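Could you build the full structure based on these sequences and the hints that come with them?
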Amino acid sequence: NAGVTQTPKFRVLKTGQSMTLLCAQDMNHEYMYWYRQDPGMGLRLIHYSVGEGTTAKGEVPDGYNVSRLKKQNFLLGLESAAPSQTSVYFCASRPRGTGHTEAFFGQGTRLTVV
Amino acid sequence: GEDVEQSLFLSVREGDSSVINCTYTDSSSTYLYWYKQEPGAGLQLLTYIFSNMDMKQDQRLTVLLNKKDKHLSLRIADTQTGDSAIYFCAGSGTYKYIFGTGTRLKVLA
Numbered sequence: 001n002a003g004v005t006q007t008p009k010f011r012v013l014k015t016g017q018s019m020t021l022l023c024a025q026d027m028n029h030e031y032m033y034w035y036r037q038d039p040g041m042g043l044r045l046i047h048y049s050v051g052e053g054t055t056a057k058g059e060v061p062d063g064y065n066v067s068r069l070k071k072q073n074f075l076l077g078l079e080s081a082a083p084s085q086t087s088v089y090f091c092a093s094r095p096r097g098t099g100h101t102e103a104f105f106g107q108g109t110r111l112t113v114v
Numbered sequence: 001g002e003d004v005e006q007s008l009f010l011s012v013r014e015g016d017s018s019v020i021n022c023t024y025t026d027s028s029s030t031y032l033y034w035y036k037q038e039p040g041a042g043l044q045l046l047t048y049i050f051s052n053m054d055m056k057q058d059q060r061l062t063v064l065l066n067k068k069d070k071h072l073s074l075r076i077a078d079t080q081t082g083d084s085a086i087y088f089c090a091g092s093g094t095y096k097y098i099f100g101t102g103t104r105l106k107v108l109a
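So the sequences go chain by chain: A and B. In terms of our numbering, the first sequence is residues 1 to 114. In terms of our numbering, the second sequence is residues 1 to 109.
These are computed hints drawn from the structure, not numbers from a lab. All figures in this text were calculated on a predicted structure; none of them were measured in a lab. We put the beta carbon where it would ideally sit given N, CA and C, even for glycine. Heads up, some of the hints might be wrong.
[To be verified] Pairwise CB distance ranges (calculated): (1) Met55(B) / Gly77(A): 40 to 46 Å; (2) Asp26(B) / Ala82(A): 28 to 34 Å; (3) Gly40(A) / Gln80(B): 24 to 30 Å; (4) Lys71(A) / Ala109(B): 43 to 49 Å; (5) Pro39(A) / Asp26(B): 21 to 27 Å.
In C-alpha cells:
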C-alpha cells in the first residue's frame, strides 16, 4: 500500500517556467490537499478538493492552479514560477467523515525557483 | 480568519519531559491534532483530542485542551533523541485542516 505519492521529489525551475506536481493516493480518499511549508510559517494550505471534479482555494492560492480529474490524483500547477514559490510542497489526503479522520501525507517536493 | 500559533523552538535534555504549546483562534474545530515531522519526511499523526475533552493520554503522550483559553498542549514524557522533530498542532473544520507554525524539538543527549 503506497499511501500518498508525490512526484517529482526535487525540482529546480527558472523564473517564468511552468511545471506540474503530481499527487497520487491509493486509499480511495475523497479529500485531497496541497500545502507549502516555509521556515517559520508552518504549513499553509494552497488548494484543496473534496471530491473528483471539485477544487477550492486555501490560504495562499495565488500563482497556483489545481485539477482533480480522477479521484486518486490531485495536480498542482505553476504557470509562471517565481522565486517566492521556492518551498517544500506537501500533498495530503483523508477520507470523508464527520468523526476523526487522519490525514496522510506524501514525502514532499522540494522546489527551487531561480 | 483561522490562526494557529506555536513557539518555534524547544530544547530539552534526554529523559526530561517536553511540553509543546499551541494557541488557536477558531473554536469550531471538532478535533484537534498533533502531527510529527521527522527530517526530510512528511507529517505523521501522533495523537488527537475531541474538542469536548480536557485531556487525553496515549503512552508517553499527554494532550491537554483548555477551551476557554483556546490552548492546546502536548507533553512528551521521558523524551528520547528519537523524539527530535517538528511538531504541528492542527484544527480540523468540515473539509480542511489548519496547521500551526510548528515547533522544532531538539533533544540533547
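Each hint, compared with the structure:
1. Met55(B) / Gly77(A): 40 to 46 Å: holds (44 Å)
2. Asp26(B) / Ala82(A): 28 to 34 Å: Holds - the Cβ-Cβ distance for Asp26(B) and Ala82(A), about 30 Å, lies within 28 to 34 Å.
3. Gly40(A) / Gln80(B): 24 to 30 Å: holds (26 Å)
4. Lys71(A) / Ala109(B): 43 to 49 Å: Check passed, 46 Å falls within 43 to 49 Å.
5. Pro39(A) / Asp26(B): 21 to 27 Å: holds (24 Å)
No hint from the list above goes unmet by this structure.
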